[in-house]
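Engineer: Given chain A, work out where chains B, C and D should sit, using these hints.
Residue numbers (numbering that gives the first Met the number 0), protein chains in the order written: chain A, 0 to 198; chain B, 0 to 198; chain C, 0 to 198; chain D, 0 to 198.
Derived from the structure by calculation, the hints contain no laboratory data.
Computed from a prediction, not measured in an experiment: that's the story for all the values here.
Treat the hints with care, since some could be wrong.
For chains that are exact copies, the list does not tell them apart, and a pair is met inside one copy or across any two.
Capping the alpha-carbon separation at 30 Å, the derived lysine-lysine pairs in DSS-like fashion look like this [to be verified]:
| id | residue 1 | residue 2 |
| --- | --- | --- |
| 1 | 40 | 100 |
| 2 | 100 | 166 |
| 3 | 163 | 100 |
| 4 | 167 | 100 |
| 5 | 1 | 166 |
| 6 | 1 | 40 |
There are 4 protein chains.
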Amino acid sequence: MKILSFAGALRAGSISKQLVQEAGRALLERHGIVADYADLKDYPFPVYDTDIEQNIGIPDSILQLALRVRDANALIIASPEYNGGISSVLKTLVDWLSRVKPSPLAGKFLLLLSASPSGSGGVLGLWHTRVPFEACGVHVFPHMVAVPRAQTAFGQDGQLSDEKSQKKVNEIIDAFVAHVAAHHPIHLPKKEASLANQP
Amino acid sequence: MKILSFAGALRAGSISKQLVQEAGRALLERHGIVADYADLKDYPFPVYDTDIEQNIGIPDSILQLALRVRDANALIIASPEYNGGISSVLKTLVDWLSRVKPSPLAGKFLLLLSASPSGSGGVLGLWHTRVPFEACGVHVFPHMVAVPRAQTAFGQDGQLSDEKSQKKVNEIIDAFVAHVAAHHPIHLPKKEASLANQP
Amino acid sequence: MKILSFAGALRAGSISKQLVQEAGRALLERHGIVADYADLKDYPFPVYDTDIEQNIGIPDSILQLALRVRDANALIIASPEYNGGISSVLKTLVDWLSRVKPSPLAGKFLLLLSASPSGSGGVLGLWHTRVPFEACGVHVFPHMVAVPRAQTAFGQDGQLSDEKSQKKVNEIIDAFVAHVAAHHPIHLPKKEASLANQP
Amino acid sequence: MKILSFAGALRAGSISKQLVQEAGRALLERHGIVADYADLKDYPFPVYDTDIEQNIGIPDSILQLALRVRDANALIIASPEYNGGISSVLKTLVDWLSRVKPSPLAGKFLLLLSASPSGSGGVLGLWHTRVPFEACGVHVFPHMVAVPRAQTAFGQDGQLSDEKSQKKVNEIIDAFVAHVAAHHPIHLPKKEASLANQP
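Next up, chain A with everything else stripped away, as it sits in the complex (with noise of 0.2 Å):
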């Protein structure tokens, strides 16, 4: 099973990063899983803009995101709650990946995880991240973990100490490995990849 994981969000030392990467962890320990780790700062791209489209082509580093994503089963992506909903980088990047034809994303699953310092932990966010990758055909695990007040449920090494959402992360991902390793594809991508290319 290959997993790309990556944080909806630029900052060096994102608690999205860090959360992205206790994720990684529960995957080595418990599955015996490598993720394929992306930071998003090492692909910088412009935002979405049509006539960048169509007079320079979709930027190369799309294109090379393009491929890790088509190169894996699954995704692991920790996100931010920006203004209630969806971190604008995510949106930017699905927006740039939905004009790679044909979709990287379409029949992928995905997992979705948030940490934040509120009392919700950016739910709200999660919720309005579903729906983009629904809308390119992304199999979205309908569990997702909210970390809430990560200033205190990480410690100073950047590792997540708080054991209840520790319990949390490793049970999610128990059961998101679980379901996809029951996938057993035959017929589906060709379908699936028609369906997210129509109008």
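Structural biologist: Relative to the frame of chain A, chains B, C and D by itself:
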């Protein structure tokens, strides 16, 4: 593969009931699957009220529907858009079903369809309809079909006569059946159920 | 200024009923406004069913509530989050009210509150609750208050004892009253009603 | 009344730019209001990145737009639906603007429009577009207009030629102007700004 199908509307002759029958025809003709069709009119339940639940108990109609849900691998629901959101009938059903323990919905696959006289076909309602099911641990299929201008898309015999819409229904039924068929859970149900029962 | 207040829950002693009473206290003490409080338990209505509407008519309870809505400038509703979305009780009410012509809801101002035992206070449900009201032409106030950890935020007397939450309720009531008071419509109601009645 | 108008898309000749110009024509012809039109292409900004904000500062383009927003009573934005959600351009703008203190958006009125080749006219995107603005304290007008089948609704001169859509734009502009004109705030701005600045 056992599929339970029903409409998120009560009215006899509702377009949603016609559409879910259309899905049933596609299941039978294309995949030899006889869907277990339920008419919510045969399962009358009151508006959700915690007092009823605590003093009288969960209504028998809900317990019977819960059994039919539990017995299925997957659900197909056609549901109208009411005031830009989920049908209140369907939300009431989900709120009642979510009180049955263990959760009958957790881990099920769900395909959502809609039809409406409008140009959008009720797709806005479908996006809101996803949420409570996903909150209950349901794997809602990312692709959905919303049939626009339903008054002309369906013939006087109540069958879908618009060819473009028929083709879309056929394709999504094929993709959904392939997706559910590809899934062979081993350890999953227990994990998922435990996630779904967390507060 | 006439304000109608109610909870989107039926249970006697529900936290939402306590919270909306708290809003009533703030309205009275800070602005001298006596809210018109309605308990939905006194207005029993069935699950929405077009057959009932066409064969029997809109229930009297709904028509009576429609009169109270029409008589108010603004509404204050405290409502629980059920399965990540709007309370089915409240959605059922909106679906019934939307069948009354001309629309009693169009052009009204609405403040939404919630309280829940969770860390998010039910804020996710509030965001879904906005939608059907906005679809009916209601001006939903952008700010909302979601009281987290409600079992400790409210004292045994049913009053909000958590100071931080009290302060938030007071501030939002002040801002909402100021906003509604600042509005002096001249040509508006007719225009808005006609927009709301469009398909 | 000062109204700032712009499109949530960058492409020269985008349908959203044509639609917002149409709104400008209606404002001028029907109400004598000259909207302050901004083209986001003239205000280039990068994808939101906290590192940029902390090391370099909020981009000048954003600060200039913030001034134009602050100077207006109301905004009119036509914005496309990308992947079932908000345009990433517009979400990026909101995320940057939300970092300017005090909030330029809090307390403003906003009318949302869209146009798309689809039968739904992009109305799904508009509903997601409301959220981050509302989270920033914006009073988003409940009514919206989504122009379907935009390729035929607009003539070759870039003007809206479909009569039904023209009528809808005229009516919503009338209703929005009446609503904003009816608002005479006294104590409001300070209160609302303080609410918007709360975490």
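Engineer: Which hints, by number, does the structure contradict?
Structural biologist: No hint contradicted; all consistent.
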